[in-house]
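Assemble the whole structure, with the sequences as input and the hints as a guide.
Line by line, the protein sequences give chains A and B. Residue 95 in my numbering is what sits at position 82 of the first sequence, and the numbering runs on without skipping anything. Residue 58 in my numbering is what sits at position 53 of the second sequence, and the numbering runs on without skipping anything.
A hint or two may mislead.
[Claimed, not checked] Restraint-style ranges between C-beta atoms, simulated for each label pair:
no., chain 1, residue 1, chain 2, residue 2, range
1, B, Met-63, A, Pro-307, 45 to 51 Å
2, A, Arg-326, B, Met-63, 46 to 52 Å
3, B, Gly-44, A, Leu-146, 43 to 49 Å
4, B, Gly-44, A, Arg-330, 40 to 46 Å
5, A, Gly-172, B, His-49, 51 to 57 Å
6, B, Tyr-67, A, Gly-100, 33 to 39 Å
7, A, Gly-176, B, Tyr-67, 41 to 47 Å
8, A, Pro-65, B, Cys-65, 37 to 43 Å
9, B, Asp-37, A, Arg-144, 29 to 35 Å
10, B, Met-63, A, Gly-22, 18 to 24 Å
11, A, Gly-176, B, Val-42, 20 to 26 Å
12, A, Phe-196, B, Val-42, 46 to 52 Å
13, A, Arg-68, B, Tyr-67, 46 to 52 Å
14, B, Asp-37, A, Asp-208, 43 to 49 Å
[Said to hold, decoys possible] Covered by chain B, per the in silico footprint, the following chain A stretches (three or more residues, Cβ under 8 Å):
no., segment
15, 72-83
16, 116-123
17, 239-248
18, 309-322
These aren't lab readings, by the way, just hints derived from the structure by calculation. The C-beta atom is built at its ideal place from N, Cα and C for all residues, glycine as well.
Single-letter residue listing:
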Amino acid sequence: MELRGALVGLRQNDIEWERGQRALARALAAWRAEPVVGPVLRAMQRFGDGAPLDRCAALAQLFDGPAARGHAFADSLVAAGIAALDGHPLGQLPLLHGSRDAAPMLVLAQSGGATLALAGYDGTVLAALPRPLTARFRPVETWKRVLAGTGQADHVLRGDRQGGVPLEVRRATLVAGEVFHCFGPRETREVRQVDGAMVVLSLERELDGAGPVRELAREDGALVHQASARPQDSRDELAMALLGRMKRIDAVPQMARLALGGGGDAMRWQALREVIALDVLAGVELLAQIAADPEDSLAAQAAALLPALLRSRPELRGAATWPG
Amino acid sequence: MGASSMANLPRISGSGWCMVAPVDRAELPDLDVPTGVFGSQGDHARLDANDDGHAELMSCLYPFHRES
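Next up, the structure:
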């Protein structure tokens, strides 16, 4: 296929590309309405809203019982996608995509904290990577079905103690048709080796209030790194850092809501710091409110900061009762 | 009056009006265990093997994307 001329044309005029993209978007919409797809996507909405998987039959059947339904679901995307790209070879299917070299991925559906994705593992790239030194435990529940290919994965488990004990690592063989479930805070499966290529259908859903992603050293279980579990928390943190440096005091009410809301501790603490820096009286009141709630995961830190702040700024005493 | 110009105004406290100097952000402690941004990991060499179910959309595709 000769693409050079078409690429030169695109540099001068992208109307044809946009026309192709609209056609690809229509092809995806038609795929979403196919009989093997529509019920899955509707079930995915319910699953994302919190329904148990066994109450979302069309979705559950992709990961339960014979592999034929999973194959039919993935095959329908491949057929629709290839047919659409055949007509518009410079186009991109407008799906969210992960670009990691060893495990590129297409997100087929997202609802709430749930994601249905199709991942391809490249055995050559995987083989070139160094052995893992850590294991990442994420606050998600995951179901995966191997649709094609074979490989090996490390099934890593952690105990109640953090540090001082090596993580338990079991080698698991992956074969086409196999399904495995993973409770992320306690276990993780990391694909280590693939014979050629492997395709996996993956379903995951965030667990409520399960904290950050914890990355532990395999050799002794020590905490190596901790990361936010939700992209929205990190986006909020970045936005608040920027608004804080812009001295946008008008953002304080929204920041205060984030500090009191259901996000991760790191994002909430950042919100609290920004409120204190922008409007110290509102910040002290917020700090007192958090410190007074024994159920709040930030209560201890807030209770430690509040008296320290009041000692260094006696003029703030009484602010916690400020009517606002 | 711009929003930022309000930061150092006198504010009312429980005991009446007073001048409240702003608190320097650097005076406020971080959490005991720092938390990196979403997607960060310590074992950088294995980033390419990360198969978390998270992905992004190329910005040029936004007009053509529909959440399912």
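Hint-by-hint comparison with the structure:
no.: 1; hint: Met-63(B) with Pro-307(A): 45 to 51 Å; in the structure: holds, 46 Å
no.: 2; hint: Arg-326(A) with Met-63(B): 46 to 52 Å; in the structure: holds, 48 Å
no.: 3; hint: Gly-44(B) with Leu-146(A): 43 to 49 Å; in the structure: violated, 18 Å
no.: 4; hint: Gly-44(B) with Arg-330(A): 40 to 46 Å; in the structure: holds, 42 Å
no.: 5; hint: Gly-172(A) with His-49(B): 51 to 57 Å; in the structure: violated, 26 Å
no.: 6; hint: Tyr-67(B) with Gly-100(A): 33 to 39 Å; in the structure: violated, 22 Å
no.: 7; hint: Gly-176(A) with Tyr-67(B): 41 to 47 Å; in the structure: holds, 44 Å
no.: 8; hint: Pro-65(A) with Cys-65(B): 37 to 43 Å; in the structure: holds, 38 Å
no.: 9; hint: Asp-37(B) with Arg-144(A): 29 to 35 Å; in the structure: holds, 31 Å
no.: 10; hint: Met-63(B) with Gly-22(A): 18 to 24 Å; in the structure: holds, 20 Å
no.: 11; hint: Gly-176(A) with Val-42(B): 20 to 26 Å; in the structure: holds, 24 Å
no.: 12; hint: Phe-196(A) with Val-42(B): 46 to 52 Å; in the structure: violated, 24 Å
no.: 13; hint: Arg-68(A) with Tyr-67(B): 46 to 52 Å; in the structure: violated, 33 Å
no.: 14; hint: Asp-37(B) with Asp-208(A): 43 to 49 Å; in the structure: holds, 45 Å
no.: 15; hint: 72-83; in the structure: violated (count 0)
no.: 16; hint: 116-123; in the structure: holds (count 7)
no.: 17; hint: 239-248; in the structure: holds (count 8)
no.: 18; hint: 309-322; in the structure: holds (count 3)
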